[in-house]
Structure formats: structure tokens, C-alpha cells
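Enquirer: Just so you know, the sequences run in chain order A and B. Count the first sequence with this note's numbering and you get residues 67 to 362, in order. Count the second sequence with this note's numbering and you get residues 72 to 366, in order.
Read the hints as simulated data drawn from the structure, not as lab findings. On a predicted model such as this, the values are computed, not experimentally measured, just so you know. Glycine included, C-beta positions come from ideal geometry on N, C-alpha and C. Don't take each hint at face value.
Claimed, not checked - Partial list, derived from the structure: chain A residues whose beta carbon lies under 10 Å from chain B:
hint: 1; residue: V185
hint: 2; residue: V231
hint: 3; residue: L341
Listed below are the residues making up each chain.
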Amino acid sequence: MSAGAIVPEGPRPRHFGWARLGIYAFLIVAALFFLFPLYVMVLTSLKPMAEIRMGGLLAWPSDPTVEPWIKAWTSACTGLRCEGLRVGFWNSVIITIPSAVLAILLGMINGYALSFWRVPWANWMFAILMFGTFIPYQVLFYPLVRIASTLGLFGNLGGIVFVQVVFALPVMTLLFRNYYASLPEELFKAARVDGAGFWRTWFSIMLPLSGPMLVVACILKVTNTWNDYILGLIFAGRDNLPMTVQLNNMVNSTLGEREYNMEMAATLLTALVPLVIYFVSGRWFVRGIAAGAVKG
Amino acid sequence: MAGFRWKTGTVAAAIALLPTACVVLFLFVGGTGWAALVSLTSSKMLANWNFVGFQQYATLFSNPRWLTSLANMVIFGLTYIGSTLVVGFLLAIFLDQRVKGESVFRTIFLYSYATSFIVVGLVWRWIFNPGMGIQDVVRDLGFASFTFDWIVNQRMAIFTIVIAAIWHGAGLVMVIALAGIRGVDAEIWKALKVDGVPAWRAYLHVILPTVRGSILTAAVLMMIGVVRLYDLVVAMTNGGPGSATEVPAKFIVDNLFERQNIGLATAASTSLLVMLLAVIVPWLLLGNARRRSRA
Numbered sequence: 067m068s069a070g071a072i073v074p075e076g077p078r079p080r081h082f083g084w085a086r087l088g089i090y091a092f093l094i095v096a097a098l099f100f101l102f103p104l105y106v107m108v109l110t111s112l113k114p115m116a117e118i119r120m121g122g123l124l125a126w127p128s129d130p131t132v133e134p135w136i137k138a139w140t141s142a143c144t145g146l147r148c149e150g151l152r153v154g155f156w157n158s159v160i161i162t163i164p165s166a167v168l169a170i171l172l173g174m175i176n177g178y179a180l181s182f183w184r185v186p187w188a189n190w191m192f193a194i195l196m197f198g199t200f201i202p203y204q205v206l207f208y209p210l211v212r213i214a215s216t217l218g219l220f221g222n223l224g225g226i227v228f229v230q231v232v233f234a235l236p237v238m239t240l241l242f243r244n245y246y247a248s249l250p251e252e253l254f255k256a257a258r259v260d261g262a263g264f265w266r267t268w269f270s271i272m273l274p275l276s277g278p279m280l281v282v283a284c285i286l287k288v289t290n291t292w293n294d295y296i297l298g299l300i301f302a303g304r305d306n307l308p309m310t311v312q313l314n315n316m317v318n319s320t321l322g323e324r325e326y327n328m329e330m331a332a333t334l335l336t337a338l339v340p341l342v343i344y345f346v347s348g349r350w351f352v353r354g355i356a357a358g359a360v361k362g
Numbered sequence: 072m073a074g075f076r077w078k079t080g081t082v083a084a085a086i087a088l089l090p091t092a093c094v095v096l097f098l099f100v101g102g103t104g105w106a107a108l109v110s111l112t113s114s115k116m117l118a119n120w121n122f123v124g125f126q127q128y129a130t131l132f133s134n135p136r137w138l139t140s141l142a143n144m145v146i147f148g149l150t151y152i153g154s155t156l157v158v159g160f161l162l163a164i165f166l167d168q169r170v171k172g173e174s175v176f177r178t179i180f181l182y183s184y185a186t187s188f189i190v191v192g193l194v195w196r197w198i199f200n201p202g203m204g205i206q207d208v209v210r211d212l213g214f215a216s217f218t219f220d221w222i223v224n225q226r227m228a229i230f231t232i233v234i235a236a237i238w239h240g241a242g243l244v245m246v247i248a249l250a251g252i253r254g255v256d257a258e259i260w261k262a263l264k265v266d267g268v269p270a271w272r273a274y275l276h277v278i279l280p281t282v283r284g285s286i287l288t289a290a291v292l293m294m295i296g297v298v299r300l301y302d303l304v305v306a307m308t309n310g311g312p313g314s315a316t317e318v319p320a321k322f323i324v325d326n327l328f329e330r331q332n333i334g335l336a337t338a339a340s341t342s343l344l345v346m347l348l349a350v351i352v353p354w355l356l357l358g359n360a361r362r363r364s365r366a
């Protein structure tokens, strides 16, 4: 190094004031709060019971095992049945698919009919439908149970799908009504001039344009149905209990020593489907809840 | 000819709307009315039409468990909505500072919203477990007398549910608030900068009032959630210790399906609906009136 030359030492001074530091500190602390339960869940689910009994909630498992996960999935007991959470998982799948398909289909057709056609009583219907979002579920439980059992839709797969569709109607209709209303009306008029009727116009003009909203509606409805507890508990019947209900029964009706590792594995398994949807879909998920949130 | 086709089209549209119209008419309107009527009868295990006026309501509002449930709902609602709004808005404001990794932070703040209340309840119950949860962690650090037993403490248990609910819902408020903040006119920001208004005052006095609409939306959404609150309580405390975390939704479900007291359950659900509307309707009207007077 040549003597005399002044060489700058150390890192280049940056514009990184205390304010920036404070902002990042706040965000990181908040992120830790949000990640903490996930961390605890994962760690607990990988520890053998002996290790859990010693305490150390935050400690890394010294002898990690996937045993609790296997047990939760294949042999954990709910009441007298010990076939694991997979029973509830498949029940949830079987409940979610028809519920989502029917609710989205009805929402699409409603939204289309409301945006482009002048049915005299349609606006009244829509207003009351939106008002329906404010009615607490519990108000409708008694009448719903009676109506559903009269229709043969209580305590079976048809029953839970029926209820899932009924309670999803307001949001699904709103989503598609707003979406179709944002499309140019000229498209619709052109189809009309060509002589296409109600269904034809929907099928050949509107349906092909519905892609983005279909994805959003699908994410919203699948997540909501998967996460439902109370409707499944009441309307699904003993043989179709969804995963959330089975999980809660499994954890809250344990006799004898509780297996926390297995419980946490089961909890994670139940959360897995919506979490995968969330992490994969990213912005679409946000769009769904934002669209569903704009009610007023 | 064209006129004829328009008409058949409208008929088809009406037919397509018919299923939903039936649900609206028979379930939403009819069901609510039906429940209200049943609440005026002496129905117990089976519904009957023996009208007894407001007797069920008199019984209901002298039932200590119902009164506790209502009180819990109010305590939960105020602390939950208040703190979630504050936390959500703070997160949104801090995220709005052109931070690096914004999308990573956003993903972290919202993922809990994707999970079921049963999942949320079970995790937090484990964390709050006095024997092996946080209390144990802090004691291991050397604070041997540290106590954090809220979940088994009559007075504090409800707040453990509030914490779990904030964890679940703050991300939603953040999303709504961030959309509102980002929607604020760039000119307003420029004007504030030119005037040398400090950032915190800008947010508090200028930005917060302009995103009033998003606050209202978020609050109404959360209010509906508060009235429906059931799963989280069932998973976390099942109403206990004692009746410290009983909530109205649970009172209704228990009376409807376990205690088989249909009259009392419908009286409770009808009162709940009336109370919710008494809060929400004036609020929404006020919000609309303000919006209109601004426009």
C-alpha cells in the first residue's frame, strides 16, 4: 500500500438512520409474534413425549421423530374409533368439492343475471341477500335444522353441502356481480344482437371471461369450507364429520395422558390444506378476502 | 321479434335467480321470522305454538350464564376490535415505509388468517398451558416465580382468547388498511411533505380520516365475527374456567342441541340479532351519510 494516500476504511457510511432501524425492528418483532405459534407447533410435533415432559417449549428437538405425525394421520382416536385424522381429511374433501362447485356456480349465475338482466324483483332479492351476511349463523340454526330435515338434508353429506352453499350465497353472488359489472356492456349487447339467449350468452361470452374471479372465488370458498367447524358439527352427521370437528374431538375428549406432540401434528395437518392454498396462491388469496370484505 | 327474445331471456334470468330467491325468502327472511316466533312460545325439547309472550326473554335475561356470556362478548369485542385495528393499522403504516422484503412480511402477517379457528385455539392453548407453555419457558430462564396462568384464571381467561383472535385477524386489517393507504392521492402526500408535516401527524390527522371507509369495513366484519365467536372458545377453553369464557353463540348452540331448550335458544338468538343490528345499522347509516356529504 502506497504511503500517503488516504484510503477510506470501513464500510461506506449509509443513510440508515435510527428511524429506519426502528421500522425494521418493529416489523421483525411483529413477524416473530406471527411466526411463534407455527414454530412451536412444528417443534412440538417433532418431539417425543419424554422430551416434551421435560419442558423447553422453544428448545430444538434433540431426538426428532415423525412418529406423532404418523400416529395423528393413521391411528389417533376420536371417541371409540382409532383410524386417525385421515377419516376427517377425506370427509372434508368430499364436503368441500361439491360445496365449492355448487356455491360458485350459483354465485356466477346470480351475478350474471343481476348485472345484465332486468328482472323486476332482482334488486330487492340482492339487497336482502346482502343483509343476510349480517344475520348471525345461530339465528338460523333452528329453522335450518327443521327445513333441512324436512328435505332429508340433515345429518348427511347432502345436508352439510346444502348448508355450506346457503351460507356462501351472499359472498359468492356479490363477488361475481361486482366482477361482471366491471366488464364492458357492449360485449353483452353484441351477443344479444346476434340473438343469443340467457344461457347461451353466459356460456359463450361470460364464462370464458370469468377465469380470474373463478380462481378468487375458489380459493375463498375452499378455504372457508375447510375451516368451518360449527356447520359440520351440526349438519354433517356422525359419518361425515369434517377434519376440524374430528381434530377438536380428538384433542378435547382425550382420556389419560395427553399426547401433545400428536395433537400438534394433527393441528398442523388440519391447517395444511388452507396454508398450502395460501402460500401457493399469494396475491389471489388477498384479492379474495379484499373482494369479500368490501361489503358496505 | 327482438322484443320477444328479450322477454324470454328475462324469464330465463328470473328462473336462474329462483333458487337464491327461495333461500332468501324462506331461509333468511322466513327463518329469522320463524325463530323470532318460536322465541315467544313455551317450546322446550319440541317446538309448540303455545304463545307465552316475552316470558322466554324474562327467563333469558335473568339467566346468569347468559348475562356472563353477553358481558364476555362485550369485553372480547371491544378489546379484540380495538387492538386488532391498532395492530393492523400499525403493520400497514410500517409496511408503507418502502421497506425491503415487504411481500415477505405481508405473507407472514396474513398466513394465520388462512387457518381455522380450531387450529388457532389449539395452538394458543398449548402456548398458554401453565405447566409447559410460556410460563415454563420464562421460569427456565431463571425467573422462578414468574406466573402467566391467564388461561386457567377466571378473570384473565377471556384475554387469552383475545390474543389468539388478534393473531388470527390482524393480517386482515393490515390488508384492508394497506389498500386504503395506498389508495390515498399522491397529491395529498406531496402537499404534506411540502408543508413539512411529520409522518406520524400525517398518518394520524390526514391519512386515518381519509381511510375511514376501510376502518368501517374492517370493524363491521370483525363485529360479525365477534357475534359468531364459537369455534375459538370451544377449542381453547370450552367456556371455562367455570363460565369465564362463555359466549352467546355457545349459549345458543348448547341450549339448542344439548339442553334442548328451543324457546330459550331462539330468544337468545333473536336478542343477539337485535343487538347486532342496533349497533351496526346506525353505524353504517352514519358512515354512508358522511360519505355522501363529502362527495
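Enquirer: What hints, given by number in increasing order, does this structure fail?
Expert: Result: no hint breaks.
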